[in-house]
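Protein chains: 2
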Amino acid sequence: MKPIIFALPGNETLTDSLAQSVDAEIGQAEIRSFPDGETYIRVASDVKNRRCILVCSLDRPDSKLLPLYFLSQTIKNLGGRCTCLVAPYLAYMRQDKQFKPGEGVTSKYFAALVSQFARSLITVDPHLHRHPSLAEIYSVPTEIVHAAAHISNWIKSNIDQPVLIGPDSESEQWVAEVARDAGAPFIILEKTRRGDRDVEVSVPQVETYKDHTPVLVDDIISTARTMIETVGHLERAGMKAPVCIGVHAVFAGDAYNELQDAGTKQIVTCNTIPHPSNQIGLEKLYVDFIQNTNFY
Amino acid sequence: MKPIIFALPGNETLTDSLAQSVDAEIGQAEIRSFPDGETYIRVASDVKNRRCILVCSLDRPDSKLLPLYFLSQTIKNLGGRCTCLVAPYLAYMRQDKQFKPGEGVTSKYFAALVSQFARSLITVDPHLHRHPSLAEIYSVPTEIVHAAAHISNWIKSNIDQPVLIGPDSESEQWVAEVARDAGAPFIILEKTRRGDRDVEVSVPQVETYKDHTPVLVDDIISTARTMIETVGHLERAGMKAPVCIGVHAVFAGDAYNELQDAGTKQIVTCNTIPHPSNQIGLEKLYVDFIQNTNFY
Numbered sequence: 388m389k390p391i392i393f394a395l396p397g398n399e400t401l402t403d404s405l406a407q408s409v410d411a412e413i414g415q416a417e418i419r420s421f422p423d424g425e426t427y428i429r430v431a432s433d434v435k436n437r438r439c440i441l442v443c444s445l446d447r448p449d450s451k452l453l454p455l456y457f458l459s460q461t462i463k464n465l466g467g468r469c470t471c472l473v474a475p476y477l478a479y480m481r482q483d484k485q486f487k488p489g490e491g492v493t494s495k496y497f498a499a500l501v502s503q504f505a506r507s508l509i510t511v512d513p514h515l516h517r518h519p520s521l522a523e524i525y526s527v528p529t530e531i532v533h534a535a536a537h538i539s540n541w542i543k544s545n546i547d548q549p550v551l552i553g554p555d556s557e558s559e560q561w562v563a564e565v566a567r568d569a570g571a572p573f574i575i576l577e578k579t580r581r582g583d584r585d586v587e588v589s590v591p592q593v594e595t596y597k598d599h600t601p602v603l604v605d606d607i608i609s610t611a612r613t614m615i616e617t618v619g620h621l622e623r624a625g626m627k628a629p630v631c632i633g634v635h636a637v638f639a640g641d642a643y644n645e646l647q648d649a650g651t652k653q654i655v656t657c658n659t660i661p662h663p664s665n666q667i668g669l670e671k672l673y674v675d676f677i678q679n680t681n682f683y
Numbered sequence: 388m389k390p391i392i393f394a395l396p397g398n399e400t401l402t403d404s405l406a407q408s409v410d411a412e413i414g415q416a417e418i419r420s421f422p423d424g425e426t427y428i429r430v431a432s433d434v435k436n437r438r439c440i441l442v443c444s445l446d447r448p449d450s451k452l453l454p455l456y457f458l459s460q461t462i463k464n465l466g467g468r469c470t471c472l473v474a475p476y477l478a479y480m481r482q483d484k485q486f487k488p489g490e491g492v493t494s495k496y497f498a499a500l501v502s503q504f505a506r507s508l509i510t511v512d513p514h515l516h517r518h519p520s521l522a523e524i525y526s527v528p529t530e531i532v533h534a535a536a537h538i539s540n541w542i543k544s545n546i547d548q549p550v551l552i553g554p555d556s557e558s559e560q561w562v563a564e565v566a567r568d569a570g571a572p573f574i575i576l577e578k579t580r581r582g583d584r585d586v587e588v589s590v591p592q593v594e595t596y597k598d599h600t601p602v603l604v605d606d607i608i609s610t611a612r613t614m615i616e617t618v619g620h621l622e623r624a625g626m627k628a629p630v631c632i633g634v635h636a637v638f639a640g641d642a643y644n645e646l647q648d649a650g651t652k653q654i655v656t657c658n659t660i661p662h663p664s665n666q667i668g669l670e671k672l673y674v675d676f677i678q679n680t681n682f683y
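Protein sequences, first through last, are from chains A and B.
Here the working numbering is used: position 110 in the first sequence is 497, and no number is missing along the way.
Here the working numbering is used: position 17 in the second sequence is 404, and no number is missing along the way.
Everything labelled a hint here was simulated from the structure, so no lab data went into it.
Among the hints, a few may not be true.
Copies of the same chain look alike in the list, so a pair counts if it fits in one copy or across any two.
Claimed, not checked - In silico DSSO-like cross-links for lysine-lysine, where the CA-CA straight-line distance does not exceed 27 Å:
(1) K463 to K389
(2) K435 to K487
(3) K389 to K627
(4) K578 to K652
(5) K389 to K495
(6) K463 to K543
(7) K487 to K463
(8) K435 to K484
(9) K389 to K671
(10) K487 to K389
(11) K578 to K597
(12) K652 to K627
(13) K463 to K495
(14) K495 to K435
(15) K435 to K463
(16) K495 to K543
(17) K435 to K389
(18) K597 to K627
(19) K484 to K495
(20) K627 to K578
(21) K543 to K652
(22) K484 to K463
(23) K543 to K597
(24) K671 to K487
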């Protein structure tokens, strides 16, 4: 029998296109707020013994967790066979240790909670730092997929004479990979520190790439500080207005407008968090997970 | 050793006054949002082997649950002896059965979650309907306290010639109790149903109480529809502008202004949910719970 895919509020577009890609049924659920701010939930589809997939990107996670938990619990109570979670963006990956005494290690706490109501989990390029893998914090099976190949393809098809830009040496590995797959050159900005607040940034080989379109790529664009700074360095070096690409369009506060105003040619993101800048669809990355959730 | 009382954001006023009433230490915790909407948490007090009380009213619960869970988990990890919860207002008491097929019974799901991170729970007049007690849904010890005596005292001290008003026969028991303790008379409005949408409401003994101040009392003022309607009935009967008293100041949307504009003399609430209308302090109701949390 076909799996049923349920969209948590805000994830309807991705869910519709996933259901088409994998020939799944779209789950009918009513999820709304009462006037007093509590969540009402009703599952109208017959889920008994069916494989159920929940689609919920976990940016701005605090208000999303209860509706997700309630939907999962309701499906279980109605006899659904699993509640596997497609969470294209995974929250609470940053606080993965006690940096100061007394801090809560929220990455662990959050994972423990989500592991209670997701039978398995798939996500795109999570911000893994000190945790070597999701298995260290999640007690359910998890799968990580990568956006890099889709980004390279988008660059190949949409940008004439691209040159990829790494804002610092840390980004080199990731930028080099995307550049290679896109068949494009790349350069890494060079920083010379003269003092605590005096850092000079130079763009190497700037003459060679004067007619190229610079392309900045990062995993999460949140406050966009690094990207805005990098755009400034390129402008001062006399390069063309760059295209900025992010996997996850978090865009905290007014970051999107600020990045636009900084002198970018275009801002492009993957569709892991619904946003007007979404142009790179990652549906194909979830197909195996959805079709093979029998195992979980 | 003194217990430590921690305020979740928004509960600082009640927490400060509780700490004075019970001679407790106020817990130092930093609970704030990152620009991307995630919650940061750090406990600065030394909680090791100490009794820890968390104060968190649970109106608008969806965005409050993760911070509460994170604080509880952090305290546990730092060796705190208990994380007992003072939740003057308890959420998710309404959906206590499947009214329609497929509905989630959120009262159970919510209770199961809170029971994981509160070692015990105290609340004021929860909206118990079909669940005979909190013990049916909460797996930790719970205690219910009642605001009625505090409301009666407030009426006695603040209103000259009060007459309590019950909007319908269902409210009679509760209104009669508050009236008796306040040493005041009460009347119950009489409804005569003439058709589906044609209900006539009359105010009995209206002549006797023309010079009294009508006092309406309800447990939760959410959309305030019933109270606004009742205020209208009293006005049409030629009574004075009433005082409206609620235990829980939920005030969904613009309900507070609407109730003011409906022709009330004054709106007064208990301090279970922080609101400008709070005038009746319930601190005394929690003292035993806080002082005797050794048991939990």
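Here is how each hint holds up against the structure:
Taking CA atoms no more than 27 Å apart as the test, K463 paired with K389 passes inside one copy only; the shortest distance there is 17 Å, against 43 Å between copies. Taking the closest pair of Cα atoms, K435 and K487 come within 27 Å of each other only across two copies (17 Å); inside a single copy the shortest separation is 47 Å, beyond that limit. Proximity of K389 and K627 under a CA criterion of 27 Å is satisfied in neither setting, with 49 Å inside one chain copy and 65 Å between copies. In the homo-oligomer, the alpha carbons of K578 and K652 lie at most 27 Å apart inside one protomer (24 Å), although the nearest pairing across protomers, at 68 Å, exceeds that limit.
Taking the closest pair of Cα atoms, K389 and K495 never come within 27 Å of each other, the shortest separation being 34 Å inside a single copy and 30 Å across copies. Within a single copy, K463 and K543 get their C-alpha atoms no closer than 44 Å, and across copies no closer than 52 Å, so neither meets the 27 Å cut-off. Only between protomers do K487 and K463 lie at most 27 Å apart by alpha-carbon distance; the minimum there is 17 Å, versus 39 Å within a single protomer. With identical chains, the CA atoms of K435 and K484 are at most 27 Å apart between copies only, with a shortest distance of 19 Å across copies and 41 Å within one.
In the homo-oligomer, the alpha carbons of K389 and K671 lie at most 27 Å apart inside one protomer (18 Å), although the nearest pairing across protomers, at 58 Å, exceeds that limit. Taking CA atoms no more than 27 Å apart as the test, K487 paired with K389 passes between copies only; the shortest distance there is 25 Å, against 49 Å inside one copy. For the identical chains of this complex, K578 and K597 are intra-copy neighbours only, at 20 Å inside a copy versus 83 Å across copies, given an alpha-carbon limit of 27 Å. With identical chains, the CA atoms of K652 and K627 are at most 27 Å apart within one copy only, with a shortest distance of 8 Å there and 67 Å across copies.
For a Cα distance limit of 27 Å, the shortest separation of K463 from K495 qualifies both inside one copy, at 24 Å, and across copies, at 13 Å. Proximity of K495 and K435 under a CA criterion of 27 Å is satisfied inter-copy only: 20 Å between copies versus 32 Å inside one chain copy. Taking the closest pair of Cα atoms, K435 and K463 come within 27 Å of each other only inside a single copy of the chain (9 Å); across copies the shortest separation is 38 Å, beyond that limit. In the homo-oligomer, the alpha carbons of K495 and K543 never lie at most 27 Å apart, since the shortest distance is 39 Å inside one protomer and 52 Å across protomers.
In this assembly of identical chains, the alpha carbons of K435 and K389 lie at most 27 Å apart only when taken from the same copy (12 Å versus 52 Å across copies). Proximity of K597 to K627 under the C-alpha cut-off of 27 Å is restricted to the intra-copy arrangement: shortest distance 7 Å within a copy versus 81 Å between copies. With identical chains, the CA atoms of K484 and K495 are at most 27 Å apart within one copy only, with a shortest distance of 9 Å there and 33 Å across copies. In this assembly of identical chains, the alpha carbons of K627 and K578 lie at most 27 Å apart only when taken from the same copy (20 Å versus 76 Å across copies).
When the C-alpha separation of K543 and K652 is checked against a cutoff of 27 Å, the pair qualifies only within one copy, where the shortest distance is 17 Å, while the shortest distance between copies is 70 Å. Proximity of K484 and K463 under a CA criterion of 27 Å is satisfied inter-copy only: 16 Å between copies versus 33 Å inside one chain copy. In the homo-oligomer, the alpha carbons of K543 and K597 lie at most 27 Å apart inside one protomer (19 Å), although the nearest pairing across protomers, at 83 Å, exceeds that limit. In the homo-oligomer, the alpha carbons of K671 and K487 never lie at most 27 Å apart, since the shortest distance is 41 Å inside one protomer and 37 Å across protomers.
The structure shown violates the earlier hints numbered 3, 5, 6, 16, 24.
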